[in-house]
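> Protein chains in written order, with the numbering used here: chain A, 709 to 812; chain B, 2 to 495; chain C, 118 to 598.
These are computed hints drawn from the structure, not numbers from a lab.
Everything numeric in this text was worked out from a predicted model, so none of it was measured.
C-beta: ideal position from N, C-alpha, C; glycine also.
All clues stand as given, with none of them false.
Footprint (simulated), chain A over chain C, 3 or more residues, beta carbon under 8 Å: (1) 136-146; (2) 166-178.
Listed below are the simulated DSS-like cross-link pairs for lysine-lysine, each with C-alpha atoms no more than 27 Å apart in a straight line: (3) C:252 <-> A:809; (4) C:133 <-> C:145; (5) A:738 <-> B:412; (6) B:408 <-> A:738; (7) A:717 <-> C:196; (8) A:777 <-> C:145; (9) B:92 <-> A:717; (10) B:83 <-> A:777; (11) C:196 <-> A:777; (12) B:92 <-> A:809; (13) A:786 <-> B:83; (14) A:718 <-> C:196; (15) A:786 <-> B:92; (16) B:243 <-> C:170; (17) C:170 <-> A:777; (18) B:412 <-> A:717; (19) C:133 <-> A:777; (20) C:337 <-> A:809; (21) C:145 <-> A:786; (22) A:809 <-> C:196; (23) A:777 <-> C:252; (24) A:786 <-> C:252; (25) B:92 <-> A:718; (26) B:92 <-> A:738.
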Amino acid sequence: MALSIEDIKKVAHLARIEVTDSDAAATLSKLTGILGLIEQMQAVDTSGIEPMSHSQDLNQRLREDVVTKINLRDEFQKNAPILGNGSTLPAVGDGLYLVPKVIE
Amino acid sequence: MINSSLKQLGDLLQTKKISSVELTQTFLNRIQQYNPSINAYIALDEARTIAQAKAADERIASGNAMPLTGVPFAQKDIFCAKGWQTTCGSKMLANFIAPYDAHVITQFDTAGAVNLGKTNMDEFAMGSSNETSYFGGVKNPWSFDRVPGGSSGGSAAAVAARLCAAATGTDTGGSIRQPASLCGFTGLKPTYGVVSRFGMIAFASSLDQAGPMAKSAEDCALMMNVMAGFDERDSTSLNREKEDYTRDLNKPLQGLKVGLPKEYFSEGLDTNVGKVIEAAIAEYKKLGAEIVDISLPNTGLSIPVYYVLAPAEASSNLSRYDGVRYGHRAAEYTDLMDMYNKSRAEGFGAEVKRRILIGTYVLSAGYYDAYYLKAQQIRRLIAQDFVEAFKQCDVIMGPAAPSTAFKAGEKVDDPVAMYLQDIYTISTNLAGLPGMSVPAGFAQSDDGVSLPVGLQIIGNYFDEARMLNVAHKYQQVTDWHERMPELVLPKEAK
Amino acid sequence: MEWEVVIGLETHTQLKTNTKIFSGASIKYGAEPNTQACEVSIALPGVLPVLNKEAVHCAIKFGLAINAHIAPRSVFARKNYFYPDLPKGYQISQFELPVVGKGAVTIQVPAVGKNAAYEKVVNITRAHLEEDAGKSVHGAVDDMSGIDLNRAGTPLLEIVTEPDMRSAAEAVAYAKKLHELVQWIGICDGNMQEGSFRCDVNVSVRQKGTEKLGTRREIKNLNSFKFMQQAIEYETRWQIETLEDGGTIQQATVLFNPDTGETRSMRSKEEANDYRYFPDPDLLPLVISEADKAAVKATMPELPEAMKARFEAHYALSAYDASALTTSRELAGYFVATADAGADAKQSANWIMGALAAKLNAADIGISESPINAQQLAQLLKRISDNTISNNAAKQVFEALWNAEGDVDGIIATKGLKQESDSGAIEAIIDEVLAANPAMVEEFKAGKEKAFNALVGQAMKASKGKANPAQVNELLKKKLS
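Isolated chain A (complex conformation) (with noise of 0.2 Å):
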């Protein structure tokens, strides 16, 4: 299956990484010799064959429905960004994280 720009541009875009014309073919030429990499495992025959999620076949274990958590917003607040665009105050207020406007 062979990559293209477009490919390139649109997965970038699902994982909203910024790339640039340049950075698209650079970065095609270096996923294409890994796709190549990966065909490989077309010529194995997997049919019937139970997917592997996990290394060991075990089951999902229950937490006990306790409260356990206390409050650390502070704490973890003051890991927050850096606001940007002219401001180097953290991107938080009145206890909220603060994001562009979000529009639905």
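On the provided structure of chain A, position chains B and C as indicated by the hints.
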């Protein structure tokens, strides 16, 4: 002192022949001296470290010490450690101060160990040379123009250069064993689920596993006694009875069946490395081991499978780095979409972005079955190879890496060549099996430099104690693990 | 041309647990922003999910309640997309293997106009466990949106129906029934204002008699039954008009505006979503054994269907009454307590669904907060049936009980409401009335039935309403014959 085993250090501390503060200061002094050139540590906090050493001395004085109380360790910067800068080798987290402790960190704290600092690593553990780190490459202490391997390159260099008593690492596709091979020390990746992943920054969740990086098998065993154990905060943590990993160290190896997979000795393996491995196998024969020829027919597929599954999981694991709650946010952006795109483009390095894109691609509509599902199916075939193999032998041996340490910059622009570094290590991650790398000698590089070679030992699930025994007995009759590089500092650093 | 509307619902039911689905953070409503957002809720590097047992039990309860297949093995998957209220950049949900499979809910569609009430079975496609997202708050800070992650990770059961409903009335009846059921089995508090029960409604239209489904539009986040009815009706009309005008329907997500009563398409997405679902490697398969199911079943109350049947058989109630009394456990419990305290079952049903329901509605309170308890109501009904008071007097006693003026017998005594049942006394009154109203007597004898009623009225009036009306009737007839 810097060459002493963990057991010796523990004894010196508990008999009060040295204090933890003295021991810790010795390592801090070495770090001060050598780290500027080696770049093994990316976060140091002497005051915090010395405070821990003081507390350890008090604990020893009060008679409540545990075997590793007061011993200074280096921690890979993939583990969240409360109050410590925790970056995972990325610009994205360059200013992140962890507000909580990883399980591994808690275990070391509980044992009374001292944290010397956070070690350099490939960004988000994606790399085999430590060259993807935002904080710069790490020198291989055996040859400064070469890489230490990766992704646990900082821990590897710190152990090899004796900038710590021992270190932690993590291994998703070989990130403990390949650097252990390239830097000449002992490293163990345990069975998946033996060490909790809580607080360990995720790369590929179904493959990531933390383990010890130390001078000897005995040291690794002592560290496993600290690191292993059930943790209810990790759904994949195994609830098994606590075991003493030192219990079998001295068992004789008479009758041990060692499987040699033919796929690990075929093309791609450096001839000089192959000779070192053969010599090590000969040594095992002398120790009474029986050699069995086996086959792991799907070994070649482990790299393609890995480079589908690991990037797929990573692409999703790394979505949380969006510049909203912590981490890097672009300085200028026009709207939400622009903020996401720029923050992530700036915060991640080239290799991480490549893997996110590959992972996103293989999971996207129309490709899932051909790539992701197919890779999971072949993953099962790879795991079944080992099930068959372990019907014929007790442990599997082979090289840990196809070559000795390569020069910095040599493979950095060729991801596929870089990925082939992990050809012998990846399949154990896919199967969830434990694997080790043990110093087995030295091989000449093309330019005539003598560089360490690691022998890989792969065990069956939960066979860590036996593997440590197999490694330990070898280390009783060889001294490769005791060799230490002569650190030659560049002139300006002296 | 006759059109048919086809409706399917997806309901997000917030599960009644103490903590989040994958962490031990509280889910209490109304906390200060981000004070219930633990390290897992805000997706700090290195954190991991561990599944809440109670959330799983809630899912099992629901599966049992709708007689569904409960998956012995289900899998959590990641739904990947970027949104500021989704801290991990993916939502943990279930995709290919949900915990609850096919089941069914029987609904009662009320009579509308000339159409009679009827029952209908709505098939459930699946129900799966997932985590809720946080909230975006607008306007708190200039030109920015604020993100509150207290809700992030709250356990949800998303319940999906087949496109089985054919009118807004059916959709609302289903939603109400589901709303009653999830509260009945105790898995959801049902609080729609707080978003504990949110419906997405898929609406399409097609020509009656055709098989192929039309293109659907999804009305998002309806949190009241009234709005649901309005939204579906508007959307249906809009789709039919669009098609009749020669237009086509584009698949879309729409929002209902209660102020205008209209639906409008959300800002169109630039690309079709590609959620890249894959099994979450941080979570293992959820395995539910027969023993697990049995253990959960043992903790469950009798289900409304079973209770309804029991009410019909044991209390000889009509299907309508039995159904109405089993809309909530509190209501059913009140009825049982009233009847079991010795009141007539039919009378109990009438009073509970009549006078009491009207009062509760007017006061906007639930039956559990009723100032009149079941024992008091039973006592009141017993005083009617043992002829101590008349129905009319009972209404006064009921009012007094509501206003907490005392117990039944006390109120009857204080207000002097005891009815006269001494036939001698009543005869005396009747004699007086007959003597005072000869004209009426004449009219009655001339065949005017109305005059009889007037005489009864006079007698009741003369007794100040205390005479037993049945006795008055009987004695008057005797005297006039």
